[in-house]
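Asks: Residue strings, one per chain:
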Amino acid sequence: MSAEWPLWEIFIRSQHGLAHKHVGSLHAPDAELAVKNARDVYTRRNEGVSIWVVKSTDITASSPGDREALFEPSNSKVYRHPTFFPMPDEVKHL
Amino acid sequence: MNREEALFEYLLRLGDTDVVLAQRLGEWIGHGPVLEEDIALANVGLDLIGQGRLWLALAGEVEACSKGAGRSEDQLAFLRDGSAFRNLQLVEMPNGDFAMTMARQFYFDHAHLLSLRALARSTEARIAEIAAKAVKEVTYHVERSADWVIRLGDGTDESHARMQKALDALWPYTGEMFVTDAVDVALIDAGIAADARTLREPWLAAVRPVLDEATLALPAGQWMQGSGGRGGKQGVHTEHLGHLLTEMQHLQRTYPGAQW
Amino acid sequence: MYAQLVETGLSKLQARADMAPDEQAFQARIDADIKVEAKDWMPDAYRKTLVRQIQQHAHSEIVGMLPEGNWISRAPSLKRKAILMAKVQDEGGHGLYLYAAAETLGVSRDQLIADLHAGKVKYSSIFNYPTLTWADIGAIGWLVDGAAIMNQIPLCRCSYGPYARAMVRICKEESFHQRQGYDIMLSLCRGTAEQKAMAQDALDRWWWPSLMMFGPPDGESVHSAQSAQWKIKLLSNDELRQRFIDQTVPQADYLGITMPDPDLKWNPEREHYDFGAIDWSEFHNVLKGNGPCNRERLAARVKAWEDGAWVRDAAVAHAEKQAARAAKSTVGASHVR
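Keeping their order, the protein sequence lines are chains D, F and H. Going by our numbering, 4 is the number at position 4 of the first sequence; the sequence numbering is gapless. Going by our numbering, 1109 is the number at position 109 of the second sequence; the sequence numbering is gapless. Going by our numbering, 2160 is the number at position 160 of the third sequence; the sequence numbering is gapless.
It is worth saying that the hints were derived from the structure and are not from the lab. Take these hints with a grain of salt, some might be off.
To be verified - No farther apart than 25 Å at their CA atoms in a straight line, the calculated lysine to any residue pairs in the SDA-like style are these:
no., chain 1, residue 1, chain 2, residue 2
1, H, K2048, H, V2107
2, H, K2321, F, K1067
3, H, K2012, H, W2041
4, D, K92, H, I2153
5, D, K92, H, C2189
6, D, K55, H, E2320
7, F, K1067, F, A1190
8, D, K92, H, G2308
9, H, K2196, H, D2253
10, H, K2172, D, A19
11, F, K1136, D, G17
12, H, K2328, F, P1209
13, H, K2328, F, E1213
14, H, K2303, H, V2107
15, H, K2321, F, D1097
16, H, K2321, D, G17
17, H, K2039, D, P6
18, H, K2231, H, A2025
19, H, K2303, F, E1247
20, D, K92, H, C2156
21, D, K55, H, G2308
Let's have the full structure, built from the sequences with the hints guiding it.
Replies: Following this line, the structure appears as structure tokens:
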């Protein structure tokens, strides 16, 4: 197997947020690419966020805490949003 | 060639370059070296399609002004033959391996950013607006391609060799980014277009330190492809563009007039 | 579904009376809808089943990038190209969230990928079918993503926290996927006669495989019952399939195209659509490796991985060099003092 990239935990503070929230993890070879990958992976529908990345092995957890997923819609790439496609009123479940 | 015709040509150069490069990047999706990179390459591709669409749409409007009727972004992208395309030869080059793709990106992104920064000061308000928005996206592209050139250049022996080979192979296609012709000159004088000749030195100044850090050599060749007025910007392409367009345009050509 | 026929490793449903005290406590938390988190104690069978289920789901997303990725270069307009690139990119992202969820259970993504490439684990049967026309891209968004949403929304409430949260994120993105597919179908069905025929042809080829996605009837399945008790599978295959059919038939009616099922008929007593017999031998064959595209799909993933090895290695080598340099310069600095 080729060399494995370390796992990083990603924390994001949105434009309207007060604190960084844990949104998930990703693999990157180093911190710089981890930040850039986090931007690509976890902020595709968002602009102007602050990103922290921490190597998973550097995290010490006190107790199984509740880590919340972050999702905030935004309008930069409009077609990503379901409301971009006007669906005929008669058709349900879309 | 009057001012509007020149502007139309110039906008095609910008739009076609973006669309062709986006087409190349799209080929990587699902086949990248790691999942995070599929996502990142798609982002760059999406930025470029977005920019390309704006340039082509504007070109169509300019065409309408000068000829009474203008083509849509899709008519321009899907119904012109290769000799009518005005993209840089550099961006139609095949993806090759990841090093080749990154070398192509690295060479292009820096020049693209410099050009867009200049265009953000264009006297033509619509151009300035599109360029200003694009600058934000391309700033990121520049960082990304530099990051990869450094990691591949100063990575393993294999990655270094592949990266150097890619830089050497694509070097002759970089010259086209810094030459001007009659189309450019008319627009430069009016403060509409960026003067590509003035971008060469700042481009080298940006590229050299990255290559140094990457332990890679800046190629030294003097001869540039597409020179003497026979470059992609004048509609003279490599053999690669025809195949790219055949694939890209297939549906619109097979079902003329259909809406999608 | 994306995770079809997930085995639990158990041969019968565990009755609470037969459980050890820690298993009983664990089951009680699940019954109380308290989320299980990564560092919590969990029965080995629960952990293993989740790893199987989540990884099948993740692999499905990644392999699923291929049939749709097949049409990026030929999308018939710049807008459609951008939308499709964004969708396929999202699928990559979904795979990534799911691998991340699986990794919280103590496996590495690289190991999961190795298992996929070695043919040791499955991915959803649906992605072994070819995309032959642009209409297939519409059909996949409409039907396949539609089916996926049916399954994924309940999973947002599943017992394992990291998986549930990944599903919440995925569900937010998924409805764009289904709508873009239906939007394509609308354009085609409102278009030329050839376009409408293209749409009908795509429905003809994708309908039955979409129904098979939900998996065989599982009323008798021990695995399904156990997974339901653990709250990692929340509705039966048949329930989901029926819901999907009931929801989708009117959508096809609106488009003016018909499902390739002569037995498809509204049943006013059941208040559901009756439908024809599914050819489960096709499903099992596809899972076994005999589908139209199994070999190509896996070969494409293996090739991408192997061709990319030198890239991944280079990035790690560079990171190690940087770390060594940083260490050396601190040592050097302290010597200077």
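Asks: If a hint holds in the structure, say so; if it doesn't, say that too.
Replies: Here is what the structure says about each hint:
1. H:K2048 / H:V2107: 10 Å, holds
2. H:K2321 / F:K1067: Judged against 25 Å, a Cα distance of about 60 Å means the pair is violated.
3. H:K2012 / H:W2041: Given that 25 Å is the threshold and the Cα spacing comes to 22 Å, the pair holds.
4. D:K92 / H:I2153: 17 Å, holds
5. D:K92 / H:C2189: 18 Å, holds
6. D:K55 / H:E2320: Answer holds: D:K55 to H:E2320 is near 15 Å, not above 25 Å.
7. F:K1067 / F:A1190: 21 Å, holds
8. D:K92 / H:G2308: Violated, at roughly 44 Å.
9. H:K2196 / H:D2253: 13 Å, holds
10. H:K2172 / D:A19: 22 Å, holds
11. F:K1136 / D:G17: Satisfied, since the Cα-Cα distance of roughly 23 Å is no more than 25 Å.
12. H:K2328 / F:P1209: 22 Å, holds
13. H:K2328 / F:E1213: With Cα atoms ~18 Å apart, H:K2328 and F:E1213 stay inside 25 Å; holds.
14. H:K2303 / H:V2107: 23 Å, holds
15. H:K2321 / F:D1097: 24 Å, holds
16. H:K2321 / D:G17: 37 Å, violated
17. H:K2039 / D:P6: 20 Å, holds
18. H:K2231 / H:A2025: It holds: about 15 Å lies between the C-alpha atoms, which stays within 25 Å.
19. H:K2303 / F:E1247: 23 Å, holds
20. D:K92 / H:C2156: Given pair D:K92, H:C2156 holds - Cα atoms ~22 Å apart, limit 25 Å.
21. D:K55 / H:G2308: 23 Å, holds
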